[in-house]
Structure formats: C-alpha cells, structure tokens
Amino acid sequence: MIQFRKIYSLLLIMTSIFPIILMAQTDVFLKIQSGETRRINIAVEEFSTNRNPELAKDLHQIIIDDLNNSGFLAVVDSAISDSANQIAEVYVTGEITHKSSRFRFEFNLLEAVTNRKLLTKSFRAFPFAVRALAHTAADEIVYQLCGDYGIACTKIAFVMEQKGSKELAIMDYDGQRLRVLTRTNSLNLMPCWSDDGQFLLFTTYAWGGGPLLGKYTLKDKNMFRFVDNPGTFTAPAYSPDGKKVAFVLTQNGNSDIYIANRDGEDLQRLTNNPGIDTGPSWSPNGREIVFSSDRSGSPQIYIMDAEGGNVRRLTYEYNYNSSAKWSPKGDRIVFVTLKSNRFQLCLIDITGENLTCLTDDLASYESPAWSPDGNHLVFTSNRGGKWDIYSILRDGSLLRRLTFSGGNTGPSWSPRLKPFD
Amino acid sequence: MKRLLLVLISMVCIGLLFNACSKKTAMVQAEKPQTVTPAPTAQPSKPAVQPPTQPAKREEPAPAKREEPAPAPAKSVLPDKTDLEQNLSVRTTLEDKVLQLETIHFDYDSYELRTDAIKILEESARLLRKYPTAMVTIEGHCDERGTVEYNIALGERRAWAVKSYLVDFGINPENLITISYGKEKPIDPGHDEDAWEKNRRAAIVPNPE
Chain U
1 MIQFRKIYSL
11 LLIMTSIFPI
21 ILMAQTDVFL
31 KIQSGETRRI
41 NIAVEEFSTN
51 RNPELAKDLH
61 QIIIDDLNNS
71 GFLAVVDSAI
81 SDSANQIAEV
91 YVTGEITHKS
101 SRFRFEFNLL
111 EAVTNRKLLT
121 KSFRAFPFAV
131 RALAHTAADE
141 IVYQLCGDYG
151 IACTKIAFVM
161 EQKGSKELAI
171 MDYDGQRLRV
181 LTRTNSLNLM
191 PCWSDDGQFL
201 LFTTYAWGGG
211 PLLGKYTLKD
221 KNMFRFVDNP
231 GTFTAPAYSP
241 DGKKVAFVLT
251 QNGNSDIYIA
261 NRDGEDLQRL
271 TNNPGIDTGP
281 SWSPNGREIV
291 FSSDRSGSPQ
301 IYIMDAEGGN
311 VRRLTYEYNY
321 NSSAKWSPKG
331 DRIVFVTLKS
341 NRFQLCLIDI
351 TGENLTCLTD
361 DLASYESPAW
371 SPDGNHLVFT
381 SNRGGKWDIY
391 SILRDGSLLR
401 RLTFSGGNTG
411 PSWSPRLKPF
421 D
Chain H
422 MKRLLLVLIS
432 MVCIGLLFNA
442 CSKKTAMVQA
452 EKPQTVTPAP
462 TAQPSKPAVQ
472 PPTQPAKREE
482 PAPAKREEPA
492 PAPAKSVLPD
502 KTDLEQNLSV
512 RTTLEDKVLQ
522 LETIHFDYDS
532 YELRTDAIKI
542 LEESARLLRK
552 YPTAMVTIEG
562 HCDERGTVEY
572 NIALGERRAW
582 AVKSYLVDFG
592 INPENLITIS
602 YGKEKPIDPG
612 HDEDAWEKNR
622 RAAIVPNPE
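Those protein sequences? They're chains U and H, same order as listed.
Everything in the first sequence is counted per the numbering used here, starting at 1 for the first residue and increasing by one.
Everything in the second sequence is counted per the numbering used here, starting at 422 for the first residue and increasing by one.
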C-alpha cells in the first residue's frame, strides 16, 4: 500500500512536470537535425545607441558573423524582402546605452510574422569586451532558436611556428583575439582541452630528453609536467568527464596507449602490441576509445573499450588512416587518410559504415578536431599555400579560414567557455 | 678598439652558451615536475636547406656540425687549465667524429635498416667502441607524409632500430639515448621524393653537455 502510494505520488509529480517539459520544448523555435541544410533566416536590425555608433556597428557585425557561423542560421537583410527565400522568419532588435565607463546591451528576438517576443536579454560590459559580449548574445539567440548553444563562446588552441620553435597559442573560434601561451623555444604539439576549459594537455620537448606531457593552466599561465613516470609521452586526450587522460607511452621504441587519472597517476596499459598504437580519442560516454594502429601492417583505425578489451578494426579502405576523433554526438568518427601523398578528411560511422570524405583535392588536410556541439570541425590545411587553421561544417559546407600567417597546425576546439572569459 | 669590443662580446656570448647548456642538463636530470623556465638561449635550429650547389650529395654531412660553436674559441677563454683543455679536446675530437658520422635513411613508413644503413652503422659502432664512456643521442625523423602523432611513434622506432643494432655490436645501451622528432624537424623543407628521402632519417649526435 505504501509502495503504491509512492508510485502514485511519483506519477503525480511526473504528470505535473510533463507539461512544463512540453512547454520548454515549444520554446525552441526549430530543432535542427544534423545533416539538414535548411537554415533559419534571421534579420538583425541596426542597434540604437545614445553615444558610441562605432561600438554599435562593431557589436552588430560580430553578432551577424556569429549567427552565420553557427551553421543553423542565415542572416538576411531585413524582414521584408522580395525574394521568397530571403524573408526573415525571426529578427533581432537591440539597444546600447552607455553608463559611466560601461555599456548595457539589451536585445530582443522576435518572430517575424506575429512580432511575438521569443527572448529578451541584457548584458553589461566594458567597451573592450565587446567581442565577448557579442559572442554571448549570439549564443543565447542560437540556443533559443535551436535548443543548443552554438560555438560563439568557444576558443581554439593550436600550435604556432615561431623561429624554429613551435609554441601553443589560443584564439576565439573565429580566429580573433589570438594569443601565444608558451615561450619555451622548443617543440610543443597536439594540445587538448580539459572538459572544463581550464587546462591544456600537450606533448612538449621543453624539458629535453624526448617528448613529455605538459599541462598548461590557462588562469595561472604556467605549465607543469603531467605524469612523472619514465619514458616518452605523446598524444594526450582528456576523457569527456575530465576524470581520465588517455595518452601514448613509448618504451623500447614501442608505442602503446595508456590511461591515467586527471592528476597523471594510476597508469593503466590499454594496448599491448608490437605495432604502433597512437592517437587515442574518447567516445562521448567515456566507455570506448578510438585510436590508430599499424598492427595489420598499415595504419588503420580501431575502437576498443576504455579498459583495453574488445578491439575492433573500423577502417579497411586506403592504406594510411590516422588522427581519428570521435564526434561529441557519438555517431561519426573523423580521420585523415593518405591519398596520392596528400591527407584528406573522411568521416565514418562507428559501425564502420558510410565512409564519406569531406575533402578530396590537391591540398592536404590534417589534425581534425570537433567543435563541442559536434556540428563543426577544425583542422589544418595547406590549401592556401601555407599551413593554416580552417573550420568547416560537418556536412562539408561553410569552410572558413581562421589564420593567415602560416605555420599554424594541430588545432583543438575548447568546450563552451564561460561568457566574458 | 672596435676589435677589442668584438672579442669581449664574443667571450661573453660563449660564457652564456656554456651557462645555458649546464642549466639544460640540470633540467633534464630533475625528476620532479616543474614549471618551465624559458630557455635563455634559443636552441639553434638546424640549418633547414642544403646549399643548392651540391644537390648530387645524398647524405648530408651532418648538418648539426654548423651549430657547434664551442670548442675552438673555448681554448682561448681558458688558456691555463690544461686538464680541462685536454678533456675538452678529447670531447671535441669525439664530437667532431660523431658529427662526421653519416646519417642513415629509411624507406617510407618503415624502420627497417637498409643495407646502406647497416654499412654506415658499422662505421658508427666502430667509432663508439673506441670511446666506451661516450654518451650519444640517436635522433629519429620522418618525412611529412604521416600524421604528427604517428610520425613521432615511427621516429621512435627508427631511433630504436639504430640503438638495437649498436647494442648488438657491443655498445653499452646506457650510453645511447633515443629521441624522436617525428616530422617536426625536416632537413629539407621540400615536398618531393628527394626531400622526403632526406628527411626519413636517423642521426647520431653528441649529447648536449
């Protein structure tokens, strides 16, 4: 009887919550599924301001760029347009008011036909933080319309060549606000973000004697050695929950995959194979790891349990497949394949089916990494003559060049960072 | 006057170089995690390109040679300490000889020692046997046609293949350090078979001291 009551009350609670969930879902304007190319047409009206028209213009442009770059939205000129597919379905209005040294930005998101307000928000910031504020506002708009935060509040860490050394650098997802992090006069390679966006793990030669793992703390701007054990270490990868790290430990010339806890202790060996095993990347639920191995004679992609068991081969086409990264959505794995001496980006289902290549041309594409929402990829390519960082939607559209100086490689996409970071 | 100044400056520079080197070995030996100290002097990067005047030469005569500034002028800095001088000159001849060892090359995506490589390694082994206390580093390198992480692993393999051979030849394994640079330090920045062949290599270099 008591049990029945318990179940009954549980049911009551559930039915009372259910409508709320339903309502929450109707708040989402349109849930875009992956692979769908239709984008919501959105207009962004000019922002009114009482003092600084330059700032208003900057803010307006950054928000427009962010919305276009999200991959979900297409910014159109205005709500009234001749061409049928250019008509905005939603539009944004905004107002900037200056108070002392800071400014306040209030914006509304409205449905075009009904003028129904979907969202009203306001943020305050110093003028130098206009980019951070614009990215935050854009992310809120994308979230309201698509039910998922976009990429506007993310950063990309990468390797920047500098006079014979390779240092870690960081920039906004759109290539702006670039900053060099390390000054080691050495080689620093393959950065990877922790789940909270506070640390970067990477391969470094800064301590001499071979590659080791370095851990860079973004807040304190310093780097420490990660994992004290002897040997050479490369290719670190944080697990999605940040509690573990997979990496490659080479002993007696043989590279195998290991995991440790987040402090670099409790090493566990996952592969024990005379072939080269490298490039681990976690599945989003943390239960499996994809990696590449030449145990069959050529580098191919494999999946194993996070304990090292149940190894299965994923790729059979092409002779050189490597740099596999598991999508945060869980369904696809991106990797690079060597075709006539050039690397191309390919995607494959975790079942080994539906192999498709995103690129196939005379340039080379390397080191792919997923955006935290799993809709975008960032990589390095020499398609512009020099090695630079590019991003692309996972359907192969919206290719954007993020760096232009050359010598930029090994990108890694951050999780969504705190606004105004 | 100007000349005197130049000599002075160069002496100070040499002093600094020695300083930097000793600091570096200290860092290598330290076991504990540590914050990185930005190296006071940039490690001289290897001269990237071979002079185009000698394209016929396959094996580059140890390009690292040019980055070895110390020995000769060091003598003039320390003219009195004959002991040190003697040690230094032994070391210098060894270093010179090590640097003159030919670099060996590999086939694509392979760490197998070719017959031409074995010939060179026999030469290297004979030299190292003459200096039983000499510590050297074996560097493994790859061409650009491989991913960053895979090439570091492949470079380890190549360095280890050389080490194993030398150990079989009777060299003390503790005197042989292996390090892989993957594709990060190409000798030839080109993108053709010629450059790739040059870059797929293992080189024996003196340990930094």
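One or more of the hints may lead you astray.
[Unchecked claim] Below 30 Å or equal to it, Euclidean Cα-Cα: the simulated DSBU-like pairs (lysine-lysine) are:
(1) K619(H) <-> K386(U)
(2) K339(U) <-> K619(H)
(3) K121(U) <-> K57(U)
(4) K551(H) <-> K163(U)
(5) K339(U) <-> K606(H)
(6) K121(U) <-> K99(U)
(7) K121(U) <-> K244(U)
(8) K386(U) <-> K606(H)
(9) K163(U) <-> K619(H)
Just so you know, these hints were derived from the structure itself, not from any lab.
Everything numeric in this text was worked out from a predicted model, so none of it was measured.
The hints, checked one at a time:
| no. | hint | in the structure |
| --- | --- | --- |
| 1 | K619(H) <-> K386(U) | 22 Å, holds |
| 2 | K339(U) <-> K619(H) | 22 Å, holds |
| 3 | K121(U) <-> K57(U) | 19 Å, holds |
| 4 | K551(H) <-> K163(U) | 38 Å, violated |
| 5 | K339(U) <-> K606(H) | 23 Å, holds |
| 6 | K121(U) <-> K99(U) | 17 Å, holds |
| 7 | K121(U) <-> K244(U) | 37 Å, violated |
| 8 | K386(U) <-> K606(H) | 17 Å, holds |
| 9 | K163(U) <-> K619(H) | 22 Å, holds |
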